[in-house]
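Peer 1: Below, each chain spelled out in residue letters.
Protein chains: 2
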Amino acid sequence: MHTLWDERYALRTDHIGSSAIRELLKLTSLPNVISFAGGLPAPELFPLEKFKEASDVVLSEMGERALQYGTTEGYQPLREMIAHNASKYGIQISADNVMITSGSQQALDLLGRIFINRGDRVLVESPTYLGAIQAWNAYGVKYVTIPFDEDGMQTDLLEERLRTGLKFIYVLPNFQNPTGVTLSRERRKQLVEIANAYGVPIVEDDPYGQLRYEGDHLPPVVVMDDEIRAKEVPIYSGNVIYTSTFSKILAPGLRLAWVVAPEEVIKKLVQAKQGCDLHTSTFNQYVAYQVANSEWMKSHILAIRKTYKERRDIMISALEEHMPDGVQWTHPAGGLFLWVTLPKDIDTRTFFKSAIEEKVAFVPGGSFHPQGGGDNTMRLNFSNANPDLIMEGIKRLAKVIEKNI
Amino acid sequence: MHTLWDERYALRTDHIGSSAIRELLKLTSLPNVISFAGGLPAPELFPLEKFKEASDVVLSEMGERALQYGTTEGYQPLREMIAHNASKYGIQISADNVMITSGSQQALDLLGRIFINRGDRVLVESPTYLGAIQAWNAYGVKYVTIPFDEDGMQTDLLEERLRTGLKFIYVLPNFQNPTGVTLSRERRKQLVEIANAYGVPIVEDDPYGQLRYEGDHLPPVVVMDDEIRAKEVPIYSGNVIYTSTFSKILAPGLRLAWVVAPEEVIKKLVQAKQGCDLHTSTFNQYVAYQVANSEWMKSHILAIRKTYKERRDIMISALEEHMPDGVQWTHPAGGLFLWVTLPKDIDTRTFFKSAIEEKVAFVPGGSFHPQGGGDNTMRLNFSNANPDLIMEGIKRLAKVIEKNI
Numbered sequence: 001m002h003t004l005w006d007e008r009y010a011l012r013t014d015h016i017g018s019s020a021i022r023e024l025l026k027l028t029s030l031p032n033v034i035s036f037a038g039g040l041p042a043p044e045l046f047p048l049e050k051f052k053e054a055s056d057v058v059l060s061e062m063g064e065r066a067l068q069y070g071t072t073e074g075y076q077p078l079r080e081m082i083a084h085n086a087s088k089y090g091i092q093i094s095a096d097n098v099m100i101t102s103g104s105q106q107a108l109d110l111l112g113r114i115f116i117n118r119g120d121r122v123l124v125e126s127p128t129y130l131g132a133i134q135a136w137n138a139y140g141v142k143y144v145t146i147p148f149d150e151d152g153m154q155t156d157l158l159e160e161r162l163r164t165g166l167k168f169i170y171v172l173p174n175f176q177n178p179t180g181v182t183l184s185r186e187r188r189k190q191l192v193e194i195a196n197a198y199g200v201p202i203v204e205d206d207p208y209g210q211l212r213y214e215g216d217h218l219p220p221v222v223v224m225d226d227e228i229r230a231k232e233v234p235i236y237s238g239n240v241i242y243t244s245t246f247s248k249i250l251a252p253g254l255r256l257a258w259v260v261a262p263e264e265v266i267k268k269l270v271q272a273k274q275g276c277d278l279h280t281s282t283f284n285q286y287v288a289y290q291v292a293n294s295e296w297m298k299s300h301i302l303a304i305r306k307t308y309k310e311r312r313d314i315m316i317s318a319l320e321e322h323m324p325d326g327v328q329w330t331h332p333a334g335g336l337f338l339w340v341t342l343p344k345d346i347d348t349r350t351f352f353k354s355a356i357e358e359k360v361a362f363v364p365g366g367s368f369h370p371q372g373g374g375d376n377t378m379r380l381n382f383s384n385a386n387p388d389l390i391m392e393g394i395k396r397l398a399k400v401i402e403k404n405i
Numbered sequence: 406m407h408t409l410w411d412e413r414y415a416l417r418t419d420h421i422g423s424s425a426i427r428e429l430l431k432l433t434s435l436p437n438v439i440s441f442a443g444g445l446p447a448p449e450l451f452p453l454e455k456f457k458e459a460s461d462v463v464l465s466e467m468g469e470r471a472l473q474y475g476t477t478e479g480y481q482p483l484r485e486m487i488a489h490n491a492s493k494y495g496i497q498i499s500a501d502n503v504m505i506t507s508g509s510q511q512a513l514d515l516l517g518r519i520f521i522n523r524g525d526r527v528l529v530e531s532p533t534y535l536g537a538i539q540a541w542n543a544y545g546v547k548y549v550t551i552p553f554d555e556d557g558m559q560t561d562l563l564e565e566r567l568r569t570g571l572k573f574i575y576v577l578p579n580f581q582n583p584t585g586v587t588l589s590r591e592r593r594k595q596l597v598e599i600a601n602a603y604g605v606p607i608v609e610d611d612p613y614g615q616l617r618y619e620g621d622h623l624p625p626v627v628v629m630d631d632e633i634r635a636k637e638v639p640i641y642s643g644n645v646i647y648t649s650t651f652s653k654i655l656a657p658g659l660r661l662a663w664v665v666a667p668e669e670v671i672k673k674l675v676q677a678k679q680g681c682d683l684h685t686s687t688f689n690q691y692v693a694y695q696v697a698n699s700e701w702m703k704s705h706i707l708a709i710r711k712t713y714k715e716r717r718d719i720m721i722s723a724l725e726e727h728m729p730d731g732v733q734w735t736h737p738a739g740g741l742f743l744w745v746t747l748p749k750d751i752d753t754r755t756f757f758k759s760a761i762e763e764k765v766a767f768v769p770g771g772s773f774h775p776q777g778g779g780d781n782t783m784r785l786n787f788s789n790a791n792p793d794l795i796m797e798g799i800k801r802l803a804k805v806i807e808k809n810i
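So the protein sequences, as listed, match chains A and B. Per the numbering used here, residue 1 is the first one in the first sequence, and the count goes up by one each step. Per the numbering used here, residue 406 is the first one in the second sequence, and the count goes up by one each step.
These are computed hints drawn from the structure, not numbers from a lab.
No more than 25 Å apart at the CA atoms, straight line, and that leaves these computed lysine-lysine pairs for BS3-like:
(1) A:52 to B:455
(2) A:26 to B:672
(3) B:431 to A:267
(4) B:431 to B:808
(5) B:711 to B:457
(6) A:306 to A:395
(7) A:50 to B:457
(8) B:672 to A:353
(9) A:52 to B:457
(10) B:800 to B:758
(11) A:267 to B:758
(12) B:455 to A:50
(13) A:395 to A:309
(14) A:359 to A:403
(15) A:359 to A:395
If you only want the chain B side, here are some residues facing chain A, beta carbon under 7 Å, derived:
(16) 456
(17) 469
(18) 543
(19) 657
(20) 659
(21) 682
(22) 683
C-beta: ideal position from N, C-alpha, C; glycine also.
Can you build the whole structure from these sequences, using the hints too?
Peer 2: Take a look at the structure:
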């Protein structure tokens, strides 16, 4: 007889959430499906030669250290490089303000671990990043949501939400996942001022900050926050915890990201991480440092921007050409995603399977709404498929939508 | 003014535990200290050339996949290799019974996550592995301890402990960390029979199973358990969750380990892992597979055994030569550690700092006892330092002990 472990041993399931979306997404990897569902970088842009050189240098010159256990905080030169780069954006931090994590997902998990007691409230944009919802559900979080428009989260609605008592505010200011929308400069300012006044920290998730395809760079929230108290406080002691990643500018297979935070927060994160995975792969940190700590990195980021801008433009043209009336989409200034809104009575889940039959995939937007809603929306990724596939995929998708609208 | 985040934002600290031991251990990396404190493999045994070849093959022939996002379960060929190797030891499992984790520490964390509700009881040997205590403290576990002798946990005391209600039993049967003691065949049998009768699962942590230096290989607990129901159950549905690692046989800097469990448990672990770090580094999994999936691996393990056996023997000789009367130690048949017991009234913490001044380090044994005790014990690692340093280090340590006994 088949042992029913779940029931036999009362495995915890409270924190894991529905796997419906996971089951759906398995279908997107079926053969010949053009998938706009993932958040995958274009693999043809991975700098394979650079990685080969770097692996060789690391193994030849420092192999015994690179393959040994390392510190939980991360590889010191990599932390210093990140601190140094941050100073270019206008915040003065040291390596002590930086912890390396096993991907941004781990940063989100560890933040949940040190901040969230069962029942604590966290403010998220609606829609927001699925990985954050998944990470924090494990800690019994309650979500307070704030709507967004074409300038990002509606900060004029922030104060009334803060009065409900929040542990922190989670924001993706640049080319948000899933909508592609960017938080305007005015709203960033308003966000940091209100959060600072209420003493509620902000978690700024910025995986795509360097992937802007048009318009001016906006200062990260962490920088605008720092300006508020830079005059009075000699060392970095911001109200913002910032996280970013090498996944989109180097390669996600390395699982390398980082957190910038006040030193006391870093210490707590380090203690939590020690229980979770001791430390992030030493080897990968050494290799990434070799690759990233060079002038070449700039040209590499320019090359990624060029390719993704082209793909975004092609996807938007294709949407304009093929989509029936009543379908709208965002025009992201960067990142990997755009967001499609259908007429109100349409539920994009209902035709997901028809789309798979037509060999095209998307993510139904409902999944990104922690408190429901958004059934008539979908997320499309434009970084992974090449231009021909984007055109063909949007054509197929338009056909499916037309049938279901 | 310096922002006091801890107080200002009420960061969780309940689950993190004392950092006293962590502060102590920082001292062990001071220059010229001969450290028997860590659990580090000998870096001169890392197969750097093999890693170079493997990285080259991976990046040249499958770089685009190796650097891309991967599945949470792990790299399929690696899972298959592990399943195949397990069948050599006598259990019939498939890749579906295997999940790759970011080091064994993550396996322990994830098991805590799916099993432990605040207040649940877990049985551990006393002393037991520090990393397990640290992982499970985060979930509000209560420990029930079982004493050990030279044949491992005293299984004749198991039933009365099972009657207190246990979520699972945690055991390190081979060359236990910290004591170096091995669970005898008779006790393994008793353990699986009693656990099976009570329906309480066993978590078998086996990082050193392949590093035996004398005596006969004993079947893993997972195999002995499987024999109980092999006749009635056609597919693997054991009562034991088994975990092992590449850290000691390849390199810890890769952060690669695995869990073997019934498929339903693997599914739950996968869901939990998805929220924690999405997946383990694809690149490292590809590289490790290239290195490990070859005949060469056997000779590599033989070479590690040879070196560590020599170091164990040298440490034991040095202990015999230098230690004063009243000091005892275990004679591990494998693994990385041995366990020293001083007369009852001695607390090894009290002379830790004198030892550091004499440039030698150990881990005070109290830290491995989740419910106190063991103050007169210490753990010594014999894998990391070379023979000359082992002899010199034990001489220094004996001098310190002599002064304090």
